[in-house]
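Starting from the two chains in their separate frames, assemble the complex, guided by the hints.
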Amino acid sequence: MFDPFFAWLESTSFSVWMRESPSLFSFPIILAVHTIGLGLLAGINVALDLRMLGFAARVPLAEFRRLWPFLWLGLWLNVLSGLALLAAYPTKALTNPVFYIKLALIAVALLILRSVRRFWPADETAPAILQRRSIKPLAIASLVCWAGAITAGRFLAYTYIRLMVDSRPVPRPWMP
Amino acid sequence: MGGFQIWLHRKLASATIVAAFMRSDWAWPAVESIHFIGLTLLFGTIVVWDLRLLGLLKRVSIAELHRLVPFAVLGFVINATSGSMFLMTEPNQYVYNPAFQFKLLLVAIAGVNVLVFYATVFRRLRLLAPGVEAPRSVKLFGATSLICWIGVIVCGRLITFYRPGLCRAGEPLAFLVECIPPLSSR
Chain A
238 MFDPFFAWLE STSFSVWMRE SPSLFSFPII LAVHTIGLGL LAGINVALDL
288 RMLGFAARVP LAEFRRLWPF LWLGLWLNVL SGLALLAAYP TKALTNPVFY
338 IKLALIAVAL LILRSVRRFW PADETAPAIL QRRSIKPLAI ASLVCWAGAI
388 TAGRFLAYTY IRLMVDSRPV PRPWMP
Chain B
7 MGGFQIWLHR KLASATIVAA FMRSDWAWPA VESIHFIGLT LLFGTIVVWD
57 LRLLGLLKRV SIAELHRLVP FAVLGFVINA TSGSMFLMTE PNQYVYNPAF
107 QFKLLLVAIA GVNVLVFYAT VFRRLRLLAP GVEAPRSVKL FGATSLICWI
157 GVIVCGRLIT FYRPGLCRAG EPLAFLVECI PPLSSR
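Note that the protein sequences, when read in sequence, are chains A and B. Position 49, counted from 1, in the first sequence is what this note's numbering calls 286; the numbers after and before it change by one each time, with no gaps. Position 177, counted from 1, in the second sequence is what this note's numbering calls 183; the numbers after and before it change by one each time, with no gaps.
Chain B on its own, in the form it takes in the complex (with noise of 0.2 Å):
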C-alpha cells in the first residue's frame, strides 16, 4: 500500500495547473463551497432514495422516485471532481490521512453496495406496485448505503483533525502509511 500511496502522491502532484488555480484568490473557498452543495445535492436525493427502500415512502412507485436518482449522481460527479482538485493541491495531506483513507474506503463501499443492487433486486423492484413493501433485502441495500455516506461525511469533515505529519527518519512504513514519507515530501 506505501509504495501505491507514495506513486500516487507524485501522480496527484503533478498536476500543476490545478494547484495553481486552487492558490489563486478565493479558489480554494469556492471550490469547498461547491463540494457542500454537490453533498447536499446527493445526500439528499439519496436519503429519500434510501428511505423508500426502507418502507417509508411506501405509496410512491420507485420506478417514478428512481428519476430523482440522476441528481445523485451529479452530485457524485460534482464532488469527484472538486474532491480531486483538493487532492492534486495538497495531495500528501489527504493520501497519508487516516480520515481521508476511511472516507475513501466508505465510499467504496457505498458502491459496491450500488452495484450489486442494480445487478441483483433492482429489475424486479422497479415493478414493484406502490404501496408494496420491498423486501428484507432490499432495505439492506438501503440501510448499507445510508450509514455509509453518513460514514463519509464524519469522516470527510474529520481530515482536517487528522493532518499527517512528517514520519520520522529511518523508520520503517507501515502497510498503509499514515505520516508524509521524506522522500516524497516537496
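Same shape as in the complex, but just chain A (with noise of 0.2 Å):
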C-alpha cells in the first residue's frame, strides 16, 4: 500500500546519498552517531534506574536534573540520525514489524522518563525521596524497556522481510 512513497522517499537524492555514497560522513558516521545517542540518552537513563532501585542513595536525585541536557542531547542525535537511516533503507524498516515494537518500547521508556522527573524535586529538601517504594517498579520498567528497544534494533538487521521497494521478499519462516 506505502510502495509508492517507499519507491519515492528511495528514490531521492538523499536517501541515495546516504545508501551509496562512499564517503565515510554518510552512512558509516550516522550509524555510530545512532549509537552515542543510545549511551547517551539509555546508558544515563539507566544510571537514573539505578540510582532510583537505591544504588548510590545518598546522592540527591535533584542532582540529576543537570543530566537533563544530556538526555536531550541523546535523544536528538537519535531522532535525527534515526530519521536519516530510515530515509536510508524505508522499506526495510517500515515493513518489518520488529521495527515498531522498537519504537513502542521507546516511547514507553520516555513517558516512564519523563514521569519520574516529578521524583527529582528542584529542592533537595523537598520530601520526594520517602516516594522511592513507587519509583522502583518504574524503574525496572525503564531498564527492561530500554534492553527490549536495543534488542530489537539489533535485530532490525535480521528480521526485514523486504530491503528495499523493488527487493524480492526474504522468506521468515516466523512470518505469517
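Where hints are given, some of them may not hold.
[Unchecked claim] Quick list of in silico lysine-lysine cross-link-like pairs, DSBU-like style, CA-CA up to 35 Å:
no. : chain 1 : residue 1 : chain 2 : residue 2
1   : A       : 373       : B       : 145
2   : B       : 64        : B       : 145
3   : A       : 373       : B       : 64
Calculated directly from the structure, the hints in this document are not laboratory data.
So, in C-alpha cells, the structure goes:
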C-alpha cells in the first residue's frame, strides 16, 4: 500500500547518498552517531534507574536535573540520525514489525523518564525521596524497555522482509 | 606485530566450541544485543562519572557517586566477554581490521587512564566535600575517558565498513597487517 511512498523516498538524492556515497560521513558515521545517542539517552537513563533502585542512594536525585540536557542531546541525536537511517532504507524498516516494537518500547521508556522527573525535586529538602517505593517498579520497567528496544534495534538487521521497495522478499519462516 | 596477529588469529580460531555456538540460529544477533546492552551500562555510568570529574554534578559526593562505578565494570566485563565471542567466531575479520585495531588502542588508553587515576588522585578525591570542584588534573582524567569511550563506540560501529580482504600473494606484510595473510586463512 505504501510502496509508491517507499519508492519515492528511496529515489530522493538524500536516500541515495546515504546508501551509495563512499564517504565515511554518510551511512557509517550517522550509524555511529546513532549509537552514541543510544549511549547517552539509554545509558544515562540506566544510571538514573540504578539510583532509583537504591544504588548510590545518598546522591541527591535533584542533582540529576543537571543530566537532563545530556538526555535531550542523546534523544535529538537519535531522532535525527534515526530519520536519516530510515530515509536510507524506508522499506526495510517500515515493513518489519520489529521496527514498530522498537519504537513502542522507546515511547514507553520515554514516558517513564518523563513521569519519574517529578521525583527529582528542584529543592533538595523536598520530601520526594519518601516516595521511593513507588519509583522502583518504574525504574525496573525503564531498564526492561531500554534492553528490549536495544535488542529489537539489533534484530532489525536480521529480521527485515524487504530490503528495498523493488527487492524480492526474504523468506522469514516465523512470519505468517 | 604481524607475527603476533597471525598467532592471535590461530589461537582465537581454536575456540571451536564458541564458534559453533555463535553460528547457531540467532546466537550472533543475541550476543550482539547483549554487547549493546553492555555498552549502554558502561557508557551511561561512565558519562555520569566523567561529568562529575569535569565539574558538572559538583554537589554530588565523589565517594557516593563511586557506587555506580561497579556497574561500569559490569558493562565492561559483559562486553569483553561478548566481544571475545565475536572474535573467536570470525577472528580474521577483527585481527586484521584497522577499525578494530583502533578500537582496542582506545580501550587500552582508557584502561591506562583509569589505572593512573586510581593510583594517583582517587584517594584524595574521595575525601573531597560535596560542592567542591575537582582540580584541573582530575578534569583531564574525565575528559580523556569521555573521548576514549566515544571513540571506542565510533570505531566499533566502523568495523563492518573496514572488513579486511585477502593479502595479495608475494606481498610483504606491513608492520601492522591489515589484510588476511594467505597462510592463516582457513
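| request: Check each numbered hint from earlier against the structure, then list the numbers of those it violates in ascending order. | output: Of the numbered hints given earlier, the structure breaks none, since each of them holds.
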